[in-house]
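Q: These are the residues of each chain, in order.
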Amino acid sequence: MSASVEGALDFSPRRVAAMILRYWYLLRSSWPRLLDLMYWPLVQMITWGFIQYYVMQNAGFFARAGGTLIGALLLWDILFRGQLGFSIAFLEEMWARNIGNLMMSPLRPVEFITALMVMSIVRLSIGAVPVTLLAILFFGFNLYGLGFALVAFFINLMLTSWAVGIFVSGLVLRNGLGAENFAWSIMFVFMPLACVYYPVTTLPVWLQPAAWVLPPTYVFEGMRALLIEHTFRSDLMLDALGLNVLFFAAGVFGFLKLLQAARRNGSLMQTGE
Amino acid sequence: MPVSPAIKVERLVKIYKQVPAVDDISFEIATGSITALLGGNGAGKTTTIAMIMGLITPTSGRVTVLGAEMPQQRYRVLHRMNFESPYVEMPMRLTIRQNLTVFGMLYGVANLADRIKELCEALDLTHLLDRPTGKLSAGQKTRVSLAKSLLNSPELLLLDEPTASLDPDTADWVRAHLERYCHERGATVLLASHNMAEVERLCGRVIIMKQGHIEDDDAPARLLARYGRRTLEEVFLDVARGRDEMSEAAQ
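Going down the list, the sequences are from chains A and B.
Its first residue numbered 431, the first sequence is counted upward by one per residue in our numbering.
Its first residue numbered 7, the second sequence is counted upward by one per residue in our numbering.
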């Protein structure tokens, strides 16, 4: 499925639409799937919202930094749910033993990936939009009040989530459902290093360069700059975008290499564990 | 001018961790023919079909399908072929209509709603169209898989045990439909099966594999004559158990 395969880079919007329709039919047919999209974001938002409320009453710094915790939580959820939305849509094909049908059809990898990216936004929207509206209602935190900054944060976080989702899909194709746990847990590697809830300066000096390699670090630092200092750091967003281009390219490259390996060892015909 | 073969396999080898699954096989499948690939479990049938489909990359050798080299040129021909296999399933939660709509769009089928209606009438699925695929019986699921494999009116159909787990009546019904389709469309079929009655009824040629090799390759009638047997099942057992054809014929 690499570029050396003739026609691998052709793109048909109809085939992408077919895959989006497939996932839409699936979501529509299953209310537990829909409920699951909202359940955890809602529980987390309420928990962290009350923590934020408590520390604002008791600590001077947080009183000045209104919304930092809940803002970090909502942005973290974009990153985590974006990747999960991508990966779960992919895993649905593995669980349904449908991957062979798709790989034998004229569907190109780039079209498959595009459909999965669209579905990650759809799934994220179903889960996150009601939760962000409830954050306004319960805690007075308006994520949409971040305006253009929110767009910059969102684009950067989604690019990272897709890069990771694409790579994990390759791992599952190559290794079967035994590698499924990566889809659920890999993003948590980012949590301590991307400094979701604290500034990079909190990390030991020797660990800080590792944090600055990760695009989400720039987003969370940018969010804190916006909420605490009321400054939009476009330099951080551009740095994140540059790193995201590298991450995305690495994710696609990894996926294609793992798919090639899956074709070599016959794992496309054996999609179990 | 001679018609080029639908499938051409040349010195094909597939080795998994130093174990050969397919070991230097070559054959051609004529356009418009129905050919059976026979062999016991682990003979290499499914691996061979998967390499023809481009799902598995050969260790060495060459596969040409409808004039395109697999897997490098597969996108030239994937819309002209289709397959059915027990190793894959249709998404269970989607209804038959939804599944066929999705796959019809993937294959770029024109007048899709009409094609789905036509196929479902032919395969007696019309009354089940809005039922989730997971709630169908084994026979109904097989008919849905068959509908999917015929959706794009393929010139080449690869079938891996298409009637496995079906009752004799449904299996016979599926065979009759396949026979009619191939006759009307002039399609080429390569069929892997353990059902000898099916092979005798449908196929003009039989390729018998054992441990990754081609053990025999001929028309069913000539195989019966050469092995001195009355049924293909007896021929299959002779090959599987390593009995020599001449000594068997002499007996």
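You may find that some hints are simply not true.
Stretch by stretch, here's where chain A covers chain B in the computed footprint (C-beta under 8 Å, at least three residues) [as the list claims (entries may be wrong)]: (1) 28-40; (2) 117-125; (3) 233-244.
One side only, chain A facing chain B, incomplete, derived with CB under 10 Å [said to hold, decoys possible]: (4) ALA447; (5) MET449; (6) ASN528; (7) ILE566; (8) ASN572; (9) ARG663; (10) LYS687; (11) GLY696.
Simulated DEER-style distance windows between Cβ atoms [unchecked claim]: (12) A/ILE476 <-> B/SER159: 43 to 51 Å; (13) A/LEU439 <-> B/ARG68: 21 to 29 Å; (14) A/VAL675 <-> B/ARG68: 52 to 60 Å; (15) A/LEU464 <-> B/ALA227: 44 to 52 Å.
In case anyone wonders, no lab produced these hints; they're calculated from the structure.
Just so we're clear, the structure is a prediction, and the values are computed from it rather than from any experiment.
No residue lacks a Cβ here, since even glycine has one placed at the ideal position from N, Cα and C.
Q: Please list, smallest to largest, the hint numbers that this structure does not respect.
A: The structure conflicts with hints 1, 2, 3, 7, 8, 9, 10, 12, 14, 15, although it agrees with all the remaining ones.
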